[in-house]
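Undergrad: Sequence:
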Amino acid sequence: MDALTQTLKETIEAADRAITAEDFDELMKFYADDASLVVKPGLTVTGKDSIRKAFVAIAEHFNNSIVVTQGQMQVIRAGDVALVIMETLLQTTDKAGVKNEISRRATYVFRQVSESWLCVVDNSYGTTLLDGLVES
18 MDALTQTLKE
28 TIEAADRAIT
38 AEDFDELMKF
48 YADDASLVVK
58 PGLTVTGKDS
68 IRKAFVAIAE
78 HFNNSIVVTQ
88 GQMQVIRAGD
98 VALVIMETLL
108 QTTDKAGVKN
118 EISRRATYVF
128 RQVSESWLCV
138 VDNSYGTTLL
148 DGLVES
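The opening residue of the sequence shown carries number 18 in the numbering used here; numbering runs sequentially from there.
Hints are not guaranteed to be accurate.
[To be verified] The calculated lysine to aspartate or glutamate pairs, modelled on DMTMM-like cross-linking and capped at a C-alpha distance of 20 Å, are: (1) K116 <-> E77; (2) K57 <-> E118; (3) K26 <-> D97; (4) K112 <-> E77; (5) K46 <-> D19; (6) K112 <-> E39; (7) K46 <-> D97; (8) K57 <-> E39; (9) K116 <-> D33; (10) K70 <-> D50; (11) K65 <-> D42; (12) K57 <-> D148; (13) K70 <-> D33; (14) K26 <-> D148; (15) K70 <-> D40; (16) K57 <-> E104; (17) K57 <-> E27; (18) K116 <-> D51; (19) K112 <-> D97; (20) K65 <-> D33; (21) K70 <-> E104; (22) K46 <-> E118; (23) K46 <-> D33; (24) K70 <-> E27; (25) K26 <-> E104; (26) K70 <-> D97; (27) K112 <-> E132.
[Claimed, not checked] Simulated restraints on C-beta separations: (28) D40 <-> A95: 29 to 37 Å; (29) P58 <-> S133: 26 to 34 Å; (30) D111 <-> Q91: 13 to 21 Å; (31) D51 <-> D111: 16 to 24 Å; (32) K116 <-> R94: 32 to 40 Å; (33) D42 <-> T110: 34 to 42 Å; (34) T110 <-> D51: 33 to 41 Å.
Since the hints were made in silico from the structure, they are not lab data. Note that beta-carbon positions come from the ideal geometry of N, C-alpha and C, so glycine has one too.
Please model the complete structure; the sequences and the hints are all you need to start from.
TA: What follows is the structure, encoded as structure tokens:
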């Protein structure tokens, strides 16, 4: 694994730990001020305040039980931007105690700012955003 891939993997894993711990202040350190988050198909929010509020709502939606981990990843870099294609795994427990596992092929875009890489596009749905779209 090259140095950039390792750095981004560690960054994403740290963000996942913050999501799981519901430490949304820590989580916001991984996002650029102008970042966008795909909350669900058809709903994207922009800016750290909106992203933080979305993560609070997502945690509540999943009964405050969400555990996020990552699987395989590919990184494509162009200058100070990196596209990350990654398997995202979500484990949740609903209010009835039923455990659920969700697997997605996410796409993330990171921008290098000084020595750090900050997320500018967080799309855990990846290309499934295209599912159900019909050409006019």
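Undergrad: Next, verify each hint and record whether it holds.
TA: Status of each hint after checking the structure:
1. K116 <-> E77: Holds, at about 15 Å.
2. K57 <-> E118: holds (17 Å)
3. K26 <-> D97: Within the cut-off at roughly 17 Å; holds.
4. K112 <-> E77: holds (11 Å)
5. K46 <-> D19: Violated. K46 to D19 sits at ~24 Å, over the 20 Å cutoff.
6. K112 <-> E39: Since the Cα atoms of K112 and E39 sit roughly 18 Å apart, the hinted pair holds (cutoff 20 Å).
7. K46 <-> D97: The hint holds at about 18 Å.
8. K57 <-> E39: holds (19 Å)
9. K116 <-> D33: Given that 20 Å is the threshold and the Cα spacing comes to 19 Å, the pair holds.
10. K70 <-> D50: holds (14 Å)
11. K65 <-> D42: holds (10 Å)
12. K57 <-> D148: Holds. K57 to D148 sits at ~13 Å (cutoff 20 Å).
13. K70 <-> D33: Given that 20 Å is the threshold and the Cα spacing comes to 17 Å, the pair holds.
14. K26 <-> D148: violated (27 Å)
15. K70 <-> D40: holds (12 Å)
16. K57 <-> E104: holds (17 Å)
17. K57 <-> E27: violated (25 Å)
18. K116 <-> D51: violated (34 Å)
19. K112 <-> D97: violated (43 Å)
20. K65 <-> D33: Roughly 16 Å separates the two Cα atoms, so the pair holds.
21. K70 <-> E104: violated (24 Å)
22. K46 <-> E118: violated (27 Å)
23. K46 <-> D33: With Cα atoms ~12 Å apart, K46 and D33 stay inside 20 Å; holds.
24. K70 <-> E27: Outside the cut-off at roughly 24 Å; violated.
25. K26 <-> E104: Holds: K26 and E104 sit about 12 Å apart, inside 20 Å.
26. K70 <-> D97: violated (28 Å)
27. K112 <-> E132: violated (42 Å)
28. D40 <-> A95: 29 to 37 Å: holds (31 Å)
29. P58 <-> S133: 26 to 34 Å: With a Cβ separation near 30 Å, P58 and S133 satisfy 26 to 34 Å, so the hint holds.
30. D111 <-> Q91: 13 to 21 Å: Since D111 and Q91 have Cβ atoms about 32 Å apart, the given range 13 to 21 Å is violated.
31. D51 <-> D111: 16 to 24 Å: Violated: the Cβ-Cβ distance is about 34 Å, outside 16 to 24 Å.
32. K116 <-> R94: 32 to 40 Å: holds (37 Å)
33. D42 <-> T110: 34 to 42 Å: 24 Å Cβ-Cβ, so the 34 to 42 Å window is violated.
34. T110 <-> D51: 33 to 41 Å: Holds, since T110 and D51 (Cβ atoms, about 34 Å apart) stay within the stated range.
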